[in-house]
Amino acid sequence: MGEQTEGRPQIVGFACSFCTFKASEMAGSLRMKYPDGVRIVQVPCSSRVDPAFVIKSIFDGADAVFVAGCHPGDCHFIKGNYFTRRKMAALKEMLDAFSMKEKLRLFWVSAAEARRFVQKVTALYDGIKEAAHADAGKRN
Amino acid sequence: MKTGIFICHCGHNIKHTVDVRKVRDYFSAFPNVVVSSDYPFVCSEPGQEMIRESIEKEGLDRVVIASCTPSLHDELFKDVLRKSRLNPFLLRRVGIREHCSWVGDDVARNTEKAIRLIRAGLYSAAHYVPLEEKMVEVTKSALIVGGGVSGLSAALFLSNMGMRVYLVEKGPVLGGHVRTLKDIWPIRKDGAAVVGEMEAELRESENVEIFTSTTVTNFEGAFGNYRATLHTPEGDREITAGGCIVAIGFSPFDATAKPELAYGKDGRVMTTVDFEQRADSLSLPAKPRVAILHCIGSRDEQIGRPYCSRVCCINALRTAEAVRQRYENSYVECFYMDVRAHPRGGEEFFEETQEKGALFTRGNVAEIIPGPKGLLVRGEDTLLGETFEREFDLAVLSVGMSPPADSAAIASLMKITLDKDRFFLEAHVKLRPYDTAVKGIFIAGTCSGPKDMEEAINHGRASGVKLYGFLSAGFAAVDPFVAVVDIKRCSGCRMCERACVAKAIKFDEAARVVHVEEAACMGCGLCNSTCPSSSIGLRGYIDSALDDEIAALVEAV
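Line by line, the protein sequences are chains Y and W.
Okay, so the first sequence: first residue is 1046 according to my numbering, each after it adds one.
Okay, so the second sequence: first residue is 337 according to my numbering, each after it adds one.
If we strip away everything but chain Y, and leave its shape as in the complex, we get (with noise of 0.2 Å):
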């Protein structure tokens, strides 16, 4: 985490046009709360998200990236986020062979979930806070 930051993860979010980026723009007009660090790039279909932005994303300095489509089954593209669910699954054996695991998380919010957007985001950020400060104490 930078010190411009001052201890606030910095979190990049994919998120599909049909489902995730509706329920943000929900979460919005109801008013609902959600750290500054979580910022959205809006993808037609989770499935545009090629591994190499969520590579980008940590080389670039985010503490955390998500991947949010439509529920499996529900992709407007028909079966877009089933090919992001293997791609995703790929890419996190490939983080966790250098203990990164945890900076990529991949859900499913559909149009409707802004509560479930608001909550996952929230917890995402809460838990990477909290890890870094663990990181903190042990170094200390």
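A hint or two may mislead.
[Unchecked claim] In silico lysine-lysine, DSBU-like type, Cα no more than 30 Å apart, as pairs:
| hint | chain 1 | residue 1 | chain 2 | residue 2 |
| --- | --- | --- | --- | --- |
| 1 | W | Lys-419 | W | Lys-338 |
| 2 | W | Lys-393 | Y | Lys-1137 |
| 3 | W | Lys-756 | Y | Lys-1078 |
| 4 | W | Lys-839 | Y | Lys-1124 |
| 5 | W | Lys-358 | Y | Lys-1124 |
| 6 | W | Lys-842 | W | Lys-470 |
| 7 | Y | Lys-1124 | W | Lys-756 |
| 8 | Y | Lys-1078 | W | Lys-470 |
| 9 | W | Lys-692 | W | Lys-518 |
| 10 | Y | Lys-1124 | Y | Lys-1146 |
| 11 | Y | Lys-1078 | W | Lys-358 |
| 12 | Y | Lys-1137 | W | Lys-839 |
| 13 | W | Lys-766 | Y | Lys-1101 |
| 14 | Y | Lys-1124 | W | Lys-775 |
| 15 | W | Lys-842 | Y | Lys-1124 |
| 16 | Y | Lys-1124 | W | Lys-751 |
| 17 | W | Lys-419 | W | Lys-351 |
| 18 | W | Lys-338 | Y | Lys-1101 |
| 19 | W | Lys-839 | Y | Lys-1078 |
| 20 | W | Lys-351 | W | Lys-393 |
| 21 | Y | Lys-1124 | W | Lys-470 |
| 22 | W | Lys-518 | Y | Lys-1174 |
Worth flagging that the hints you see were computed from the coordinates, not collected in a lab.
Based on these hints, arrange chain W on the given structure of chain Y.
Just chain W now, with coordinates in the frame of chain Y:
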């Protein structure tokens, strides 16, 4: 490159938690940014004029608008660019309201986030190229699923406007639940007569085809040219429709889900609809005691129905009135949580019913059990704070609306979304209440949440109007966000071809490269993320644009 950035205050909506002036000043000093302005309402006429003027005076070639979420007002802003002779795909929208000012309270942090988001938009827009707007021919026909009042009113409107209409009803007759009602408040008409009038008018139109006892078994294609398979009693039938209106209504709440009320076990417990239909054949004493229970299957978290069904209070009042009219010496007691007689004239009707002698007790009924002479109704009077136990000859349940039994099946067939209560979800609760997230598919009536008859009819007609607006020109613009192949880099590994769900990628055996059939491409970008050499890219979401967007989101401000 000359970029113009326009930051919207949205009245106080953005301004109250984002320091818009600081954001504006930050970008004024940015390389390649020629204009950085803030304005109270960028979407207003003067706001649009400001953008138009800047484009023309400064010769802008990129426009970044930081305002509400990109799905709102997108066409409006694209039009501003078109009118200024700038390609509309050089516009970048950044959502700093739904994704920034509304989700955080800290002004300093929100301002920083807004800067990051706008910068991400700016970096990404640098990669934008002018795109040609794609026009597709649309079929001037509509598939309407559901033949209740909302489906009928949508069908009537569309057929009057000269559109071809396919009206599909699962049951054997048209008219839905309204057909079963004997006395519709406040018009005091038989439901069958009301829907009969609508049906007769529809049957006279030559451009309407009505399918009863029919279900939709397959649904595919894209806006303007959906293809559906109808399973009719005479066999399967394929149709093509430009758009679709889903009006599959509701399922009445099944009161057996509340076993403590003895519905289905004791014949003296019935719903308001049962009462209306059986009123003549009931054998009640000359001075009957009737209990009427509001909110059965509504406003009840325990059974997963937290919402108000909107029609049941009026139904309960109607029943109370009917009992008082039939039996002069009857004792009628209504058990309510709140009386929500919301339609016009409803409050007066509530007063009248009280004047006619119906009693109202605020309280929840806990159970109905057989008593020595009649039915024993037990519960708590929440105004007095006391429990009660009274004997009645009849208990009438005013049941609410549950989501339609087919909602999940239709949702998965048409790829539209359900809300948490399993009704259909609209694209925007206030601004786009008839649209779904899928272009050309609309929802009408109670399948999108409880409505009374007047609301359902209006909702159906409005969805018809919206669909007509989409199809009336005979052609429509669709997003040109399709995949393109850089044939110089394509190695012909065919991984994208295997991944493509739409079967839009074809392999050219002679040249050993793939090409994309643009008409079939759905624009998901799966091929782009599958290609090992990124030689197939999704227009509007190309790798370099997203890469830079990511960089801007995390790098130091």
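Legend entry - Given pair status - Lys-1078 (chain Y), Lys-839 (chain W), alpha carbons within 30 Å: Roughly 41 Å separates the two Cα atoms, so the pair is violated.
Legend entry - 30 Å Cα cutoff - pair Lys-842 (chain W), Lys-1124 (chain Y): 19 Å, holds
Inset, instruction - Compare the distance between the alpha carbons of Lys-1124 (chain Y) and Lys-1146 (chain Y) with 30 Å, and conclude whether the hinted pair is satisfied. - result: Cα-Cα ~25 Å, so holds.
Inset, instruction - Take a quick look at whether Lys-1137 (chain Y) and Lys-839 (chain W) sit within 30 Å of each other, Cα to Cα. - result: 29 Å, holds
Legend entry - Hint consistency between Lys-839 (chain W) and Lys-1124 (chain Y) [alpha-carbon to alpha-carbon, up to 30 Å]: Roughly 13 Å separates the two Cα atoms, so the pair holds.
Legend entry - 30 Å limit on alpha-carbon distance, applied to hinted pair Lys-358 (chain W) and Lys-1124 (chain Y): Violated - the C-alpha atoms of Lys-1124 (chain Y) and Lys-358 (chain W) are around 44 Å apart, more than 30 Å.
Legend entry - 30 Å limit on alpha-carbon distance, applied to hinted pair Lys-419 (chain W) and Lys-338 (chain W): 18 Å, holds
Legend entry - Hinted pair Lys-692 (chain W) and Lys-518 (chain W), Cα distance within 30 Å: With a Cα-Cα distance of about 21 Å, the restraint between Lys-692 (chain W) and Lys-518 (chain W) holds, given a limit of 30 Å.
Legend entry - Pair hint outcome, Lys-393 (chain W) versus Lys-1137 (chain Y) [Cα-Cα no greater than 30 Å]: Outside the cut-off at roughly 51 Å; violated.
Legend entry - Hint consistency between Lys-338 (chain W) and Lys-1101 (chain Y) [alpha-carbon to alpha-carbon, up to 30 Å]: Measuring from Cα to Cα gives roughly 28 Å; hence the hint holds.
Inset, instruction - Given the hint that Lys-756 (chain W) pairs with Lys-1078 (chain Y), test it: the Cα-Cα distance must not exceed 30 Å. - result: 20 Å, holds
Inset, instruction - Take the C-alpha atoms of Lys-518 (chain W) and Lys-1174 (chain Y), compute the straight-line distance between them, and say whether it is at most 30 Å. - result: 63 Å, violated
Checked against the numbered hints above, the structure violates hints 2, 5, 8, 13, 19, 22; every other hint is satisfied.
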